[in-house]
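Chemist: Chains as they are written, first to last, in this note's numbering: chain U, 13 to 113; chain D, 49 to 178.
Honestly, the hints are just simulated from the structure, not real lab data. If a hint is listed, it holds; no wrong ones were tucked in.
DSS-like cross-link-like pairs, simulated, lysine-lysine; straight-line CA separation at most 30 Å: (1) D:50 - U:37; (2) U:21 - D:50; (3) U:108 - D:117; (4) U:86 - D:73; (5) U:78 - D:73; (6) D:73 - U:26; (7) U:37 - U:86; (8) U:108 - D:50; (9) D:73 - U:69; (10) U:61 - U:21; (11) U:108 - D:73; (12) U:21 - D:73; (13) U:61 - U:108; (14) U:61 - U:86; (15) U:78 - U:37.
Take a look at the letters that make up each chain.
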Amino acid sequence: MSTLHTVNKSPFEKNSLADCLGYAKEGSAVLMYEDGVYGAMKGNAVAEKVAAASGVKFYALGPDLKARGISEEKLAEGIEVVDYAGFVNLAVENDKVSAWV
Amino acid sequence: MKFAIQVNEGPYQHQATDSAYQFAKAALDAGHEIMRVFFYHDGVNNGTNLTTPPQDDRNIVNRWSELGKAHDLDLVVCVAAAQRRGIVDEGEMQRNGKDAQNIADGFRISGLGQLIEAGIQSERLVVFGD
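All chains should be modelled from the sequences, with the hints used to inform the complete structure.
Modeler: As structure tokens, this is what we get:
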């Protein structure tokens, strides 16, 4: 039973990314979108936590990265960029969607 | 796949309704079904026909109405949230003695049961909010 966790808050505004990582089981996916994409950047205060989440696959929404001036070279390793069609596919591929709003 | 979407935020204040719209559009483009979009809390403000955004800005309300019309979507506004925020259809106008209605094209006002039903009948319920 895999879950797609969606995180739309900056990790510097709310703890939703950290809360989500506490619940995300191996084999699940985390999609960062809206201000949540700040959690996908390398070298920031949450990067270690994201890197330490073993067995969890991370995605960031491309249009929201672009809207915030975050280019792909600023992303942490292992983050896959998806578009809205990719967001839909993640919702299909996982058994349920849990929104950490 | 059969999707349901929940929108908890109003237009122009937070990105939630924009994200929900783009998600809905992408899902429909991919051939999926959206059995209901449920507007809850401040999300009911997506269903007023009284907005007039500047011409060079996106018209969030009309965009939902047009998507709803094109794909025969069930756009449901929560009645209790709507009453609090002044979103009124013909029935609510008469029931509550109001002198106007403002529900946008393609939206309907109904109860929270519609959200529960959407959660049960859809294969994925995707929530957008703040």
